[in-house]
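Use these hints to put chains D and P onto chain Y, whose structure you have.
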Amino acid sequence: MTVIVRSDSDVATPSELTKKMRKDLILLKDYSVEEIDSILDRGDFWADNLNSKISSAPRTVANPVVVNLFFEPSTRTRFSFELAARKLGYHVLNFDAKSSSTAKGETLYDTLRTFEAMGVDTAIIRTSEEGILQEIAPQVNVSLINAGAGANEHPSQALLDLLTIRQEFGRIEGLQVAIIGDVKHSRVANSNVIALSKYGASIRLAGPEQWMPAQVEGDVQITSVDDAIQGADVVMMLRVQNERHALTNTIDNYLESYGLSKTRYAAMKEGAIIMHPAPFNRGIEIDGDLVEKPNSRIYTQVSNGVAIRMAVLELCNKA
Amino acid sequence: MTVIVRSDSDVATPSELTKKMRKDLILLKDYSVEEIDSILDRGDFWADNLNSKISSAPRTVANPVVVNLFFEPSTRTRFSFELAARKLGYHVLNFDAKSSSTAKGETLYDTLRTFEAMGVDTAIIRTSEEGILQEIAPQVNVSLINAGAGANEHPSQALLDLLTIRQEFGRIEGLQVAIIGDVKHSRVANSNVIALSKYGASIRLAGPEQWMPAQVEGDVQITSVDDAIQGADVVMMLRVQNERHALTNTIDNYLESYGLSKTRYAAMKEGAIIMHPAPFNRGIEIDGDLVEKPNSRIYTQVSNGVAIRMAVLELCNKA
Amino acid sequence: MTVIVRSDSDVATPSELTKKMRKDLILLKDYSVEEIDSILDRGDFWADNLNSKISSAPRTVANPVVVNLFFEPSTRTRFSFELAARKLGYHVLNFDAKSSSTAKGETLYDTLRTFEAMGVDTAIIRTSEEGILQEIAPQVNVSLINAGAGANEHPSQALLDLLTIRQEFGRIEGLQVAIIGDVKHSRVANSNVIALSKYGASIRLAGPEQWMPAQVEGDVQITSVDDAIQGADVVMMLRVQNERHALTNTIDNYLESYGLSKTRYAAMKEGAIIMHPAPFNRGIEIDGDLVEKPNSRIYTQVSNGVAIRMAVLELCNKA
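Chains as they are written, first to last, in this note's numbering: chain Y, 1310 to 1628; chain D, 1310 to 1628; chain P, 1310 to 1628.
Derived from the structure by calculation, the hints contain no laboratory data. A hint or two may mislead.
A pair holds if it fits inside one copy or across any two, identical chains being indistinguishable in the list.
Here are the computed lysine-lysine pairs in the DSS-like style, where the Cα-Cα straight-line distance is at most 27 angstroms [as the list claims (entries may be wrong)]:
#, residue 1, residue 2
1, Lys1627, Lys1602
2, Lys1602, Lys1571
3, Lys1507, Lys1332
4, Lys1602, Lys1332
5, Lys1571, Lys1507
6, Lys1493, Lys1571
7, Lys1338, Lys1627
8, Lys1571, Lys1332
Chain Y with its partners taken away, still in its complex shape (with noise of 0.2 angstroms):
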């Protein structure tokens, strides 16, 4: 006989965390400070126990199923949901977008709803086509995770990165973070953008002039890489990405122009922060050398992923 028994007597489950659920998480400008508190505090205890015994929330379902839907190609997103899935106990499935009888002409929503009458709980989500969850959430009574939607949000991505910030800093509102790169096609630097402002930090975005976006509000400022740089407590670099677009090819020296250079590393305030999504091109948007500098928190970042989506994965559930 296999006796598995989960006592979650030491686990610190505050009813806040039953109370605060919701059943989707699309877009982080539909959620409030306090919500997204919720998650980070969740998200904080799971850093510190990623490893550990220490079992998960109770959830009203013997063993969660969770489905990876991913249209676009990812490795890190869907891992990263993937191991948080499964420290919690759930069960994955891994939907091969190619092989799929999505082929064969089935809408998402028909999908959806196929998972849901299987008894599949939660989706993960990527796709490039943006406001489509939006519109199917209220429809399906599957658990909805938006792991990235066309240029639009990346929440998940975004609540990591607050997770990391309020970890080195203690807070979030005051502090001056750039965002350097493709701001204008990038989920992340929108994510980014959207839950910082909440939480009243000053942002300053840079990059080459075609990637920045064409209007910005609140505390944010458009600048030069130098000037976003200059007193920012978090240099947040975005991924350029070469798939996408041939520009770093016609640009001479990304790195030296538009890049964290060693340079510009050197011109950083004390105590200042290195951040970036990954992948990463050293050499491109990042000196490789910097990528492993006691000030980085790039691979803190992968590792508060993890912890983040578990708490996620806890706080989404349907009905």
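Frame of chain Y; chains D and P shown alone:
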């Protein structure tokens, strides 16, 4: 506290269950009504307990290993089997037929002998080669489950259809079942005709003339779509396999000619149900609005698919 | 509190097991006979208990996570490792090298550092780049297991071969082993020559002249196929890698010229065994009827593959 105790004392494990075990599920035509009944009974049990903590029947090995061997693409059936296996606590290996040794010239027999040596208990196989499973089954000590073989049989689909019909009407005998569409090339239709006939149902086949079988036997008639629907207790629509033939492009208005249109829906007998093996083409073989009508059992079929496959995995066991 | 009770009282967990732990298994040539012995001993234990409920040795982390990183196609080795890991209760992530960030220009070092940050304990890697694993291993806190590196080594294959031979003869020293086929390009052959030599076996290599190594050392001779088989205790046939070169098409009757034909089989010493790393080409390097002869150990090798990989996963651990 979540306690997952897998004690087998709590579990209804009728001794009939083990007595009626067979090694393989390849063709329903080789199964007796009594044998099918015991699968349906166990399927009913799982349908009632799909998300509960009730464990499966005792197994002869500690952690049975199931391998999915799909040589034709499938989302639904593969996931349904995978979920069924996971819910029973089995290990599941997903074999990617594209990057496999089969590409290096290995035969299915040699692949299965290898899995046997590795300790795999059950192989769930979809192949375009009709007849190969029957040939190999006696030669390997691995339980073989046919997940669709060419245009021949798809037994687990017919079993879940039988379960859905029996749940609805409490019986199968004497019911009138219309099967409409590409009957000739459909393993779903073929398995259903075989299974429904064993139970004494009356079957009417309809669809484009080129898609009707050359001959029928027993209580089976080929009629017009309207005649098939007239008086039917079950209206089972088949998927138009656009990827297999271009016929529907040459038929103006397939839905009005051969599909379940709103007009035909209005002509259905009171209490009759709509079935479809899915994925369905809204607006081709079925009017999109009918998919989720109260008397549609399309999503019930999907749920029953997981339950019946749990039963099949329990009941089919190697020596 | 999570309590996973697996009755460990039945389990022989010699303290030597943990004492002899190493971080990586990259090249057998760097392992001592004593170290290889402890892997073989543990492999023997698992071979005897492959389907039992006996648990593995205690681990330092709750649920070790293993990632399969196969940059060359493989069914057998990947599944064998996956099964081994699952039987030990480890989580397994399967990395699809085709849809991965590596395609986005990430190096193996950066990929492994990311997995390290995610909490992955062990990476099982197949790559065509010889030497890269030795280079990276000291830089990452992830246990690296070589699952085949170019034409260099395939240590877990050699270990399972050693186990199979030791089970048969009770020793390896003094045995005469024929290795026949494409020795030059075979990492299986290379690892076996290294490991068998450490144990004092006498090795004869045979096959087409182009496939023989330029030089040999120790108790290794290059002979004709017939001379190699003459008096050999073990006849180890290598797979003709049709996908790598077209040689066999240009050799009339490869089986009669260089393969294990029925005639050569009849000339084998009494008590000698046939081995093959599989997948085999029936009728090319081995007569199809010989694969399942009573003195063939081909399927025993497959079973031992799972057992030895359980041992390797237990014994190789990151800090």
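ask   = Should Lys1571 paired with Lys1332 be assigned to within, between, both, or neither, using CA atoms and 27 angstroms as the limit?
value = So Lys1571 and Lys1332 fail the 27 angstroms test inside a copy (45 angstroms) and across (34 angstroms) alike.
ask   = Which holds for Lys1602 with Lys1332 at a C-alpha limit of 27 angstroms: within a copy, between copies, both or neither?
value = Classified as between: cross-chain Cα gap 25 angstroms, same-chain 39 angstroms, threshold 27 angstroms.
Within, between, both or neither: Lys1493, Lys1571 at alpha-carbon 27 angstroms = within (25 angstroms within a copy, 47 angstroms between copies)
ask   = 27 angstroms Cα cut-off: does Lys1338 pair with Lys1627 within a copy, between copies, both or neither?
value = within (20 angstroms within a copy, 41 angstroms between copies)
query = When no copy is named, should Lys1571 and Lys1507 be tagged within, between, both, or neither for a Cα gap of at most 27 angstroms?
reply = neither (32 angstroms within a copy, 50 angstroms between copies)
Within, between, both or neither: Lys1602, Lys1571 at alpha-carbon 27 angstroms = within (11 angstroms within a copy, 64 angstroms between copies)
inquiry  = Checking an output row: Lys1507 and Lys1332, CA cutoff 27 angstroms. Within, between, both or neither?
reply    = Result: close within a single copy only, 21 angstroms intra versus 45 angstroms inter.
query = Given identical chains, is Lys1627 near Lys1602, meaning Cα to Cα at most 27 angstroms, within a copy, between copies, both, or neither?
reply = Answer is between: at 23 angstroms across copies they meet the 27 angstroms cutoff, but 42 angstroms inside does not.
The structure does not agree with the numbered hints 5 and 8 stated previously, though it agrees with the rest.
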